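A.B. asks: For reference, the chains in residue letters:
Protein chains: 2
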Amino acid sequence: MRLSRYYLPILKENPKEAEIVSHRLMLRTGMIRQQSQGIYSWLPLGKRVLDKVNRIIREEQDRSGAIELLMPTLQSAELWQESGRYDAYGKEMLRIKDRQERPMLYGPTNEEMVTDIFRSTVKSYKSLPLNLYHIQLKFRDEIRPRFGTMRSREFLMKDAYSFDLTREGAEHSYNKMFAAYLRTFSRMGLRAIPMRADTGPIGGNLSHEFIILADTGESEVFCHKDFVNFDIPAVDTNFDDADGLKAIFDKWTSVYAATSEMHDEAAFNAIPEGERLSARGIEVGHIFYFGTKYSEAMGAKVQGPDGKEHIVHMGSYGIGPTRLVPAIIEASHDDNGIIWPASVAPFDAMVINMKAGDEGCDKACETIYAALTKAGKDVLLDDTDDRAGQKFATADLIGVPTQIIAGPRSVAAGEVELKDRKTGHREVMTIEAAINKLVG
Amino acid sequence: MRLSRYYLPILKENPKEAEIVSHRLMLRTGMIRQQSQGIYSWLPLGKRVLDKVNRIIREEQDRSGAIELLMPTLQSAELWQESGRYDAYGKEMLRIKDRQERPMLYGPTNEEMVTDIFRSTVKSYKSLPLNLYHIQLKFRDEIRPRFGTMRSREFLMKDAYSFDLTREGAEHSYNKMFAAYLRTFSRMGLRAIPMRADTGPIGGNLSHEFIILADTGESEVFCHKDFVNFDIPAVDTNFDDADGLKAIFDKWTSVYAATSEMHDEAAFNAIPEGERLSARGIEVGHIFYFGTKYSEAMGAKVQGPDGKEHIVHMGSYGIGPTRLVPAIIEASHDDNGIIWPASVAPFDAMVINMKAGDEGCDKACETIYAALTKAGKDVLLDDTDDRAGQKFATADLIGVPTQIIAGPRSVAAGEVELKDRKTGHREVMTIEAAINKLVG
Numbered sequence: 001m002r003l004s005r006y007y008l009p010i011l012k013e014n015p016k017e018a019e020i021v022s023h024r025l026m027l028r029t030g031m032i033r034q035q036s037q038g039i040y041s042w043l044p045l046g047k048r049v050l051d052k053v054n055r056i057i058r059e060e061q062d063r064s065g066a067i068e069l070l071m072p073t074l075q076s077a078e079l080w081q082e083s084g085r086y087d088a089y090g091k092e093m094l095r096i097k098d099r100q101e102r103p104m105l106y107g108p109t110n111e112e113m114v115t116d117i118f119r120s121t122v123k124s125y126k127s128l129p130l131n132l133y134h135i136q137l138k139f140r141d142e143i144r145p146r147f148g149t150m151r152s153r154e155f156l157m158k159d160a161y162s163f164d165l166t167r168e169g170a171e172h173s174y175n176k177m178f179a180a181y182l183r184t185f186s187r188m189g190l191r192a193i194p195m196r197a198d199t200g201p202i203g204g205n206l207s208h209e210f211i212i213l214a215d216t217g218e219s220e221v222f223c224h225k226d227f228v229n230f231d232i233p234a235v236d237t238n239f240d241d242a243d244g245l246k247a248i249f250d251k252w253t254s255v256y257a258a259t260s261e262m263h264d265e266a267a268f269n270a271i272p273e274g275e276r277l278s279a280r281g282i283e284v285g286h287i288f289y290f291g292t293k294y295s296e297a298m299g300a301k302v303q304g305p306d307g308k309e310h311i312v313h314m315g316s317y318g319i320g321p322t323r324l325v326p327a328i329i330e331a332s333h334d335d336n337g338i339i340w341p342a343s344v345a346p347f348d349a350m351v352i353n354m355k356a357g358d359e360g361c362d363k364a365c366e367t368i369y370a371a372l373t374k375a376g377k378d379v380l381l382d383d384t385d386d387r388a389g390q391k392f393a394t395a396d397l398i399g400v401p402t403q404i405i406a407g408p409r410s411v412a413a414g415e416v417e418l419k420d421r422k423t424g425h426r427e428v429m430t431i432e433a434a435i436n437k438l439v440g
Numbered sequence: 001m002r003l004s005r006y007y008l009p010i011l012k013e014n015p016k017e018a019e020i021v022s023h024r025l026m027l028r029t030g031m032i033r034q035q036s037q038g039i040y041s042w043l044p045l046g047k048r049v050l051d052k053v054n055r056i057i058r059e060e061q062d063r064s065g066a067i068e069l070l071m072p073t074l075q076s077a078e079l080w081q082e083s084g085r086y087d088a089y090g091k092e093m094l095r096i097k098d099r100q101e102r103p104m105l106y107g108p109t110n111e112e113m114v115t116d117i118f119r120s121t122v123k124s125y126k127s128l129p130l131n132l133y134h135i136q137l138k139f140r141d142e143i144r145p146r147f148g149t150m151r152s153r154e155f156l157m158k159d160a161y162s163f164d165l166t167r168e169g170a171e172h173s174y175n176k177m178f179a180a181y182l183r184t185f186s187r188m189g190l191r192a193i194p195m196r197a198d199t200g201p202i203g204g205n206l207s208h209e210f211i212i213l214a215d216t217g218e219s220e221v222f223c224h225k226d227f228v229n230f231d232i233p234a235v236d237t238n239f240d241d242a243d244g245l246k247a248i249f250d251k252w253t254s255v256y257a258a259t260s261e262m263h264d265e266a267a268f269n270a271i272p273e274g275e276r277l278s279a280r281g282i283e284v285g286h287i288f289y290f291g292t293k294y295s296e297a298m299g300a301k302v303q304g305p306d307g308k309e310h311i312v313h314m315g316s317y318g319i320g321p322t323r324l325v326p327a328i329i330e331a332s333h334d335d336n337g338i339i340w341p342a343s344v345a346p347f348d349a350m351v352i353n354m355k356a357g358d359e360g361c362d363k364a365c366e367t368i369y370a371a372l373t374k375a376g377k378d379v380l381l382d383d384t385d386d387r388a389g390q391k392f393a394t395a396d397l398i399g400v401p402t403q404i405i406a407g408p409r410s411v412a413a414g415e416v417e418l419k420d421r422k423t424g425h426r427e428v429m430t431i432e433a434a435i436n437k438l439v440g
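Heads up: the sequence lines are chains A and B, in that order. When we follow our numbering, the leftmost residue of the first sequence carries the number 1, and every step to the right adds one. When we follow our numbering, the leftmost residue of the second sequence carries the number 1, and every step to the right adds one.
Calculated from the structure, these hints are not laboratory results. Please read these numbers as outputs of a predicted model, since none were measured by experiment. Ideal placement from N, C-alpha and C gives every residue a C-beta, glycine not left out. Treat the hints with care, as some may be off.
[Unchecked claim] No farther apart than 25 Å at their CA atoms in a straight line, the calculated lysine to any residue pairs in the SDA-like style are these:
| no. | chain 1 | residue 1 | chain 2 | residue 2 |
| --- | --- | --- | --- | --- |
| 1 | A | K123 | B | Q390 |
| 2 | B | K301 | A | A388 |
| 3 | B | K377 | A | D51 |
| 4 | B | K16 | A | R102 |
| 5 | B | K126 | A | Y6 |
| 6 | B | K363 | A | F239 |
| 7 | B | K422 | B | R187 |
| 8 | A | K138 | B | P108 |
| 9 | B | K363 | A | R63 |
| 10 | B | K97 | A | V122 |
| 11 | B | K123 | A | A388 |
| 12 | B | K123 | A | D385 |
| 13 | A | K363 | B | N238 |
| 14 | B | K126 | A | F392 |
| 15 | B | K12 | A | G299 |
| 16 | B | K91 | A | G65 |
| 17 | B | K47 | A | S76 |
| 18 | A | K12 | B | D362 |
| 19 | A | K138 | B | Q100 |
| 20 | B | K97 | A | R33 |
| 21 | A | K12 | B | H310 |
| 22 | B | K12 | A | I67 |
| 23 | B | K47 | A | Y6 |
[What the hints assert, rightly or not] Incomplete in silico selection of chain A near chain B, CB under 7 Å:
| no. | residue |
| --- | --- |
| 24 | P72 |
| 25 | L74 |
| 26 | E101 |
| 27 | K138 |
Turn these sequences into a full structure, and let the hints steer you where they fit.
C.D. replies: Below is the structure:
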């Protein structure tokens with residue numbers, strides 16, 4: 001992509017309305033734009049990051065055996081009356097009447113709809129286990145949306161729903177998502193810590209929030225320092241191996257971790273003082289086994305191997321992509337701007353032409369741009385006639401992992417400078433060496 | 001994907017509510033499911049096709065220089081009051097009040113919002129031309145939604161919006177989309193014919209509907225037979241070459257083509273009788289130059305090279321992915337089911353194990369499945385213990401381009417049978433030859 005043809009509306013000033021760093025940086029870099037209170041457009045730079053986040057989520061959901069579908073945003077009120085949540089859900093549910101005066105709503109979540117799909121299409125235990133997920137817009141009419149897309153009203157959610165014949169099967173399904181989530185966040189450069197969440201009237205211990213640590217986090221969290229060194233499940237994890245997944249779950253729930261709501265001061269204090277970690281965190285995922293709550297109310301059952309009908313056991317598993325993007329920024333930035341982990345960076349590299357119009361600079365930049373693009377890299381070429389200082393500031397601000405700087409003097413010697421955005425490390429090398437290093 | 005682990009809720013009977021073949025086949029194959037009137041879930045098989053359609057649309061939009069963003073579904077009424085369309089738009093607009101009683105709406109289109117984004121971020125002609133697009137859900141509260149996703153209330157639309165300093169620039173932008181659309185539909189196995197559409201009070205000749213011919217089309221169309229042989233713009237089309245694009249536009253608008261609304265009986269009759277084509281068609285795209293209609297009303301202007309302010313010229317360009325999928329089926333099916341063009345098929349190949357559990361069959365199927373998957377192919381392996389007749393019927397019904405049939409007898413001889421879904425051609429060959437043929 002050539003910057004001269006791109007749409008990158010960088011703000012020169014820090015926007016006043018931004019209370020946290022990710023909100024400020026997403027506005028400044030032109031990643032997002034507020035359209036109404038708590039409702040955002042994802043501008044091209046932001047859309048690229050969101051796509052990469054979604055791709056990682058999909059790959060890990062697919063790897064775990066979940067199957068993607070796409071449910072609509074608008075739902076009929078009837079379904080929610082069946083489950084009893086239509087009246088129970090408060091003002092956060094956006095209620096709508098269509099032209100026929102039928103009561104509808106903008107889905108805040110999809111338990112009812114997916115249960116309806118299940119009950120009308122699945123009849124036998126032979127179709128189980130089943131885990132259906134989608135990445136779809138949701139709407140929750142928060143009274144105080146804030147922090148940009150960290151807490152917006154219209155937002156994206158990946159929500160998966162598992163169906164099993166038995167409680168044991170449901171636990172296996174739960175552990176699949178548990179492992180998939182650890183992999184998902186890790187691939188985005190985040191260390192997420194699973195923390196027991198309140199299961200309310202459902203009971204049991206099968207509900208976890210995945211929290212990443214960040215100074216600006218919305219909630220206080222308490223955990224053992226050991227989490228920082230726990231191994232992430234490998235790419236070849238066997239998701240059919242119930243015992244293997246259980247071992248991962250056991251390991252990651254073996255030491256203390258709690259949000260303030262679930263905090264147990266005594267248990268925390270039992271950890272040796274040097275090993276306690278008390279910090280702020282951002283919730284980026286939530287998994288929940290809720291048994292037969294919806295399947296019972298809505299009649300979702302299958303014929304078992306015994307020929308009898310069984311109410312299925314369900315769980316739901318959410319990740320918020322539009323919240324993950326600012327969470328990644330909260331965890332990875334400096335005074336100059338964003339520092340993207342390579343896996344979710346909007347571009348892999350940025351080629352900076354220090355003197356657009358100079359024959360040598362143009363040629364060097366075009367050579368590098370063509371070679372990297374051909375190798376499948378996403379490259380942004382700054383071919384504008386902006387001042388050098390502004391170019392450097394923009395490159396640092398948008399946080400592309402590697403900058404390749406081509407100035408007239410170095411290019412005359414057949415060389416360019418590589419700058420690593422994260423470490424600030426600079427290295428001069430030949431054009432060919434630079435290409436080889438990045439194509440690697 | 002192994003069918004034993006997949007979610008493919010095939011219906012045994014033809015659904016009574018389906019009036020047209022694509023609706024019937026999409027329901028029967030479990031591609032979609034109606035959730036409310038005119039509101040559908042895309043089940044896994046359908047989602048795969050939709051993704052492939054979207055990918056082709058994106059690739060061709062990107063190739064033409066358009067830039068992707070993502071605007072939200074809900075919009076504030078204020079924007080539409082500015083353009084004057086809030087009152088003008090009828091009951092098809094779904095009007096909503098949020099918890100603060102603010103008037104909102106579910107976007108039926110995005111001219112107002114994108115113009116708002118433009119006016120608040122673009123100040124100079126140097127940022128032009130600019131074409132911003134997104135693929136996002138829309139809602140139009142049709143009084144009579146029907147034909148499945150062909151005419152649904154909640155639907156996906158790719159809508160692009162171009163901004164130019166001059167009328168000439170806008171024409172170039174229009175011709176970029178014109179060529180991109182020809183390529184887009186062609187890649188999906190469709191022959192789309194651009195037909196002049198009504199420009200209403202805007203005037204001029206820069207509005208075209210792209211119509212594909214299908215017996216079940218909603219509208220009557222009239223055109224010259226020559227269209228069938230016109231060349232599609234090549235993959236290396238230079239979108240910066242205004243004259244070259246104009247030549248493509250001129251060629252494709254040189255002979256008669258009109259929907260019934262725009263039909264000119266006398267002009268049509270002037271075509272020699274043997275070269276007239278009178279048929280039914282389905283609209284799959286619409287492009288429209290509307291000049292300064294919205295930029296004037298909403299104050300979208302830039303500073304020109306002359307230092308003065310200029311109201312920008314705009315156009316909008318729509319494609320309906322959720323309508324394209326049934327349109328492709330209307331154009332490509334037989335009595336046994338769907339016949340997917342390879343580019344949008346949910347799977348590239350289907351491996352049919354005629355005797356799951358038989359050592360030889362299992363081994364042959366796993367070998368083929370692994371080799372094709374490794375080569376990046378999307379493969380569906382029927383590893384169920386269904387009867388042979390049912391397996392064949394399902395394979396034909398869902399219309400995957402190539403079937404690889406492994407029965408005990410042929411496998412014992414080291415062979416499998418390949419069946420081409422479209423031609424019905426069958427060929428026996430060694431397992432290795434089958435793999436090589438498909439990986440090709």
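A.B. asks: Against this structure, judge whether each hint is valid.
C.D. replies: Hint check:
With a C-alpha separation of about 18 Å, the suggested pair K123 of chain A and Q390 of chain B falls inside the 25 Å cut-off, and the hint holds. Taking the CA atoms of K301 of chain B and A388 of chain A, the gap is about 29 Å. The hint is violated against a cut of 25 Å. Simply put, K377 of chain B and D51 of chain A have alpha-carbon atoms about 22 Å apart, close enough for the 25 Å limit, and the pair holds. As the CA atoms of K16 of chain B and R102 of chain A are separated by approximately 24 Å, the hinted pair is consistent with the 25 Å bound.
With a C-alpha separation of about 11 Å, the suggested pair K126 of chain B and Y6 of chain A falls inside the 25 Å cut-off, and the hint holds. This hinted pair checks out: K363 of chain B and F239 of chain A have alpha carbons roughly 22 Å apart, not beyond 25 Å. With a C-alpha separation of about 17 Å, the suggested pair K422 of chain B and R187 of chain B falls inside the 25 Å cut-off, and the hint holds. Straight-line distance between C-alpha atoms of K138 of chain A and P108 of chain B comes to about 18 Å, which keeps the hinted pair within the 25 Å bound.
Only pairs whose Cα atoms come within 25 Å are accepted, and K363 of chain B paired with R63 of chain A is accepted, the gap being roughly 23 Å. Taken as a hint, the K97 of chain B and V122 of chain A pair is broken in the structure, with Cα atoms around 37 Å apart against an allowance of 25 Å. Pair hint K123 of chain B plus A388 of chain A holds up; C-alpha atoms about 22 Å apart against a cutoff of 25 Å. Between K123 of chain B and D385 of chain A, the direct Cα distance comes to roughly 17 Å. Compliance with the 25 Å bound is thereby established for this hinted pair.
Between K363 of chain A and N238 of chain B, the direct Cα distance comes to roughly 21 Å. Compliance with the 25 Å bound is thereby established for this hinted pair. With a C-alpha separation of about 21 Å, the suggested pairing of K126 of chain B with F392 of chain A holds against the 25 Å cut-off. Pair hint K12 of chain B plus G299 of chain A holds up; C-alpha atoms about 22 Å apart against a cutoff of 25 Å. Restraint check for K91 of chain B and G65 of chain A: the C-alpha separation of about 43 Å exceeds 25 Å, so the hint is violated.
A hinted pair counts as satisfied when its Cα atoms are at most 25 Å apart, and K47 of chain B with S76 of chain A qualifies at roughly 22 Å. Only pairs whose Cα atoms come within 25 Å are accepted, and K12 of chain A paired with D362 of chain B is rejected, the gap being roughly 63 Å. For the suggested pair K138 of chain A and Q100 of chain B, the alpha carbons sit about 18 Å apart, so the restraint of at most 25 Å is met. The suggested pairing of K97 of chain B with R33 of chain A holds, with an alpha-carbon distance near 22 Å, which does not exceed 25 Å.
A distance of roughly 24 Å separates the Cα atoms of K12 of chain A and H310 of chain B; the hinted pair therefore holds under the 25 Å criterion. A C-alpha spacing of about 22 Å is found between K12 of chain B and I67 of chain A, which places the hinted pair at or below 25 Å, so the restraint holds. Pair hint K47 of chain B plus Y6 of chain A does not hold up; C-alpha atoms about 30 Å apart against a cutoff of 25 Å. The interface hint given for P72 of chain A is met, as the beta carbon of that residue sits about 5 Å from the closest beta carbon of chain B, less than 7 Å.
This hint holds: L74 of chain A has a C-beta 6 Å from the nearest C-beta of chain B, less than the 7 Å allowed. Restraint check, E101 of chain A versus chain B: the minimum CB separation of about 11 Å is more than 7 Å; hint violated. With 7 Å as the threshold, the beta carbon of K138 of chain A stays out of range of chain B, its nearest partner Cβ sitting at about 11 Å, so the hint is violated.
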